[in-house]
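Novice: Each chain is listed here by its residues.
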Amino acid sequence: MRFAYSRPDGGVRIVIAAPKEDLAPLLVKYGQDLAPLPFTDADYRAHVFERNGVTEADVVMLPDDWTPPDGPRDSWIISGGQVVADPAKAAALRVPKIKEEAQRRIVVLTGASDIVGCLIKQHNAQMRATELTLIQAQGGTWTAEQAAEAAALQSLALQIKAIRAASNVLEPNPPQDYTDDKYWP
Amino acid sequence: MSSFSDNSHCRFWVKANVSGTIQSSFNVTSVTDDGPGLLTVTIATDFTNATWCCGVAVENLDATIDAAVDGQIAMIANATQAAGTVQVVCKNETGTAAADPTMWHVWGFGNQ
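If you're matching them up, the sequences are chains A and B in order.
Adding 1077 to a residue's 1-based position in the first sequence gives its number in this note's numbering.
Under this note's numbering, the residue at position 65 of the second sequence is numbered 47, and the numbers go up by one with no gaps.
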């Protein structure tokens, strides 16, 4: 026995009852002669609803072979007597995931193994860029090695900006397959 | 020290998978999938109060322990323990986000 009902916040609870045969020995009723009375299907349903603090009118019954809707768990709602994924909620839930994906791609781009390493590498790159800029600002000229270094730093900055821009494009209308390379530079 | 009595026995237990399907149980009416990493267990016969001792464990996601996601944390949800129910939580390895385990194991000891 499986049913769903709405949480106060609009989300969905899915209740799965223990099999009747598991509960019957525990909850068997006794008659006046102390002989057990049958634990009927109606008794079973009444027990499950009562213990869960709901009535049959509150719930949507789900078949035993029920399959969850295709969408993030937090996007599920009850609509039209069914549990469905709300596209608007699902899209909103994907926004932080897109930011995480952008961050993951920036970490990979910098060659760091995690976000802390990534931030340190970006910080070091900024400091080096400042040093190189000062050389020219103070009338000096770059060596070929310094020019190549400056070009590499600028390329890194542009690639990070491109990933952030791609994230900004995706966030207002997040696609389901947001990790696909086709969305990213 | 009190002697061993019926109270020393496990009063309920349940093993349920990530979608809440009950694999096996004793004295459990139902389990409720409340959302990612959240499960409520409804006990068939109440404890006498809410101070019973609860245990919860989760099963590793796969056969190896080689990734951060293998470090899931199982716990009792704050202030959810009642005489007849308890909500349990599974979080990711950093404790910052709820995450479904492969399998839940929940049990309880106390007076009924």
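Calculated from the structure, these hints are not laboratory results.
Heads up, some of the hints might be wrong.
In silico lysine to any residue, SDA-like type, Cα no more than 25 Å apart, as pairs [what the hints assert, rightly or not]:
1) A:K1176 with A:I1192
2) A:K1174 with B:V0
3) B:K73 with A:R1084
4) B:K73 with A:G1087
5) A:K1106 with B:F8
6) A:K1176 with A:G1157
7) B:K73 with A:R1181
Novice: What hint numbers does the structure not satisfy?
Specialist: 6
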